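Peer 1: Protein sequence lines correspond, in order, to chains A and B. Residue numbers for the first sequence, in the UniProt record's numbering: 1 to 241. Residue numbers for the second sequence, in the UniProt record's numbering: 1 to 241.
Quick caveat, the hints were computed from the structure, so don't treat them as lab data. All figures in this text were calculated on a predicted structure; none of them were measured in a lab. Check before you lean on any hint, since a few could be wrong.
It does not matter which identical chain is used: a pair holds within one copy or between any two.
To be verified - In silico DSBU-like pairs for lysine-lysine, Cα to Cα no more than 30 angstroms straight-line: (1) LYS46 to LYS147; (2) LYS147 to LYS224; (3) LYS164 to LYS46; (4) LYS224 to LYS200.
Protein chains: 2
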Amino acid sequence: MIYVVGIGPGERKMMTGEALEAIQNADVIVGYITYIRLIEELIRDKEVVKTGMRKEIDRCQEAVNIAKTGKTVAVISSGDAGIYGMAGLILEILDKEKEPIGVEIVAGVTASIGAAVRLGAPLMHDFCHISLSDLLTPWEVIEKRVKLAAEADFVVCFYNPRSKGRADHLKHALEIMMTYKSPETPIGIVKDVGRKEERKILTTMDEINYEDVNMTTMVIVGNKETYISGDRMITPRGYTL
Amino acid sequence: MIYVVGIGPGERKMMTGEALEAIQNADVIVGYITYIRLIEELIRDKEVVKTGMRKEIDRCQEAVNIAKTGKTVAVISSGDAGIYGMAGLILEILDKEKEPIGVEIVAGVTASIGAAVRLGAPLMHDFCHISLSDLLTPWEVIEKRVKLAAEADFVVCFYNPRSKGRADHLKHALEIMMTYKSPETPIGIVKDVGRKEERKILTTMDEINYEDVNMTTMVIVGNKETYISGDRMITPRGYTL
Numbered sequence: 001m002i003y004v005v006g007i008g009p010g011e012r013k014m015m016t017g018e019a020l021e022a023i024q025n026a027d028v029i030v031g032y033i034t035y036i037r038l039i040e041e042l043i044r045d046k047e048v049v050k051t052g053m054r055k056e057i058d059r060c061q062e063a064v065n066i067a068k069t070g071k072t073v074a075v076i077s078s079g080d081a082g083i084y085g086m087a088g089l090i091l092e093i094l095d096k097e098k099e100p101i102g103v104e105i106v107a108g109v110t111a112s113i114g115a116a117v118r119l120g121a122p123l124m125h126d127f128c129h130i131s132l133s134d135l136l137t138p139w140e141v142i143e144k145r146v147k148l149a150a151e152a153d154f155v156v157c158f159y160n161p162r163s164k165g166r167a168d169h170l171k172h173a174l175e176i177m178m179t180y181k182s183p184e185t186p187i188g189i190v191k192d193v194g195r196k197e198e199r200k201i202l203t204t205m206d207e208i209n210y211e212d213v214n215m216t217t218m219v220i221v222g223n224k225e226t227y228i229s230g231d232r233m234i235t236p237r238g239y240t241l
Numbered sequence: 001m002i003y004v005v006g007i008g009p010g011e012r013k014m015m016t017g018e019a020l021e022a023i024q025n026a027d028v029i030v031g032y033i034t035y036i037r038l039i040e041e042l043i044r045d046k047e048v049v050k051t052g053m054r055k056e057i058d059r060c061q062e063a064v065n066i067a068k069t070g071k072t073v074a075v076i077s078s079g080d081a082g083i084y085g086m087a088g089l090i091l092e093i094l095d096k097e098k099e100p101i102g103v104e105i106v107a108g109v110t111a112s113i114g115a116a117v118r119l120g121a122p123l124m125h126d127f128c129h130i131s132l133s134d135l136l137t138p139w140e141v142i143e144k145r146v147k148l149a150a151e152a153d154f155v156v157c158f159y160n161p162r163s164k165g166r167a168d169h170l171k172h173a174l175e176i177m178m179t180y181k182s183p184e185t186p187i188g189i190v191k192d193v194g195r196k197e198e199r200k201i202l203t204t205m206d207e208i209n210y211e212d213v214n215m216t217t218m219v220i221v222g223n224k225e226t227y228i229s230g231d232r233m234i235t236p237r238g239y240t241l
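Work out the full structure: start from the sequences and follow the hints.
Peer 2: Structure representation (structure tokens):
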């Protein structure tokens, strides 16, 4: 039996009851070392398999191998396991191996929602998620989605917005969006949501400081109606007050 | 003090600890009658203000008025309060009234995520949320977003997909998408996620039965890579197994 569990952005209280329960029911916990650290005190009595970054296939294969021995395994992702997380890969591996192992995907609060509650209410209207990592997706596909999302006036949440190896991806994405968006379009940046280093920045398309953004940052770009009021970013739904 | 709380799709165990805590801390609970019913046993000792459908402004204004008297109010939305929920409206009202009332938005599991875990892993790649309700958004704007989302090959989650008054909106939306998508594109339908009437349907663009869809249904349309395997809908992230 495998639980694929999203533990939310960081804080325990942003986890669902179902996620806590799945972790409690598991014999073995499998996850990326950084996420394992976030739940350390929940898994003191468990067997733990930690792996490093970019070891997703090994990690999921290991989880499947352990489940084959009859143990109950919880595979941990941050945020929601089904959004750029481990859920798809676990299902793909089981599919390929035709293993009749039970799987339960456990819902979590994804990074965009975790960041949005800190910013105010930026996701009140149609929005999309785009990952700016081109490790698994050709950059041309990402560019096309960024362009069309801007043209559609979606609020856009950028996952994996910027890393050392991809220092200019966010800048390129915003340059593409500039054709359709005003330079004053509000942008909300939340670093390390729900962790002790959490930091929130409200800025605009033309004033963003890219140095404020790294891999553990959520960047939310508003639509034409989004505004900043005090320390909050708000996208109106369309009610007339 | 106002908490704006997302209670998730339905089941208690899909709520976050933070949401439970906010409800516990509140003196008064304000919400749409259907959502209030979902958390009845949590709020037996509370003052409760229930209002009917389409009374969003009245409901939020009432919550603000009660908070002005010094009471702690929890405004309840299903799913996440910041996604087509009450968070934006509460902040807009406070903004307009320049009331210095504390507000905390509490994250929840939105309907797309709740449905996705039941379907498998359909949201593993870039996706968007589009509401098909034209009560607050012109239909032309919705049509444009549907077209561009299909062209971008986003996985698309339709909120408010179909009601008696809008019986053909989903059909129109899928017809628009047909220009860019194969008729075999998988569609996942989940009705009443996390409630006792829950039902899951896997189908395709050309075989969907619109009668399976109503207002408490989430409809997820796959991208070019999405496939159905057994009783699961999976969108690969791009790993090579």
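Peer 1: Each hint needs a verdict: does it hold in this structure or not?
Peer 2: Okay, the hints, checked on the actual structure:
Taking identical chains as interchangeable, the C-alpha atoms of LYS46 and LYS147 are never at most 30 angstroms apart, the minima being 46 angstroms within one chain and 49 angstroms between chains. For a Cα distance limit of 30 angstroms, the shortest separation of LYS147 from LYS224 qualifies both inside one copy, at 15 angstroms, and across copies, at 19 angstroms. Neither within a single protomer nor between protomers do LYS164 and LYS46 lie at most 30 angstroms apart by alpha-carbon distance, with minima of 34 angstroms and 51 angstroms respectively. Only within a single protomer do LYS224 and LYS200 lie at most 30 angstroms apart by alpha-carbon distance; the minimum there is 22 angstroms, versus 36 angstroms between protomers.
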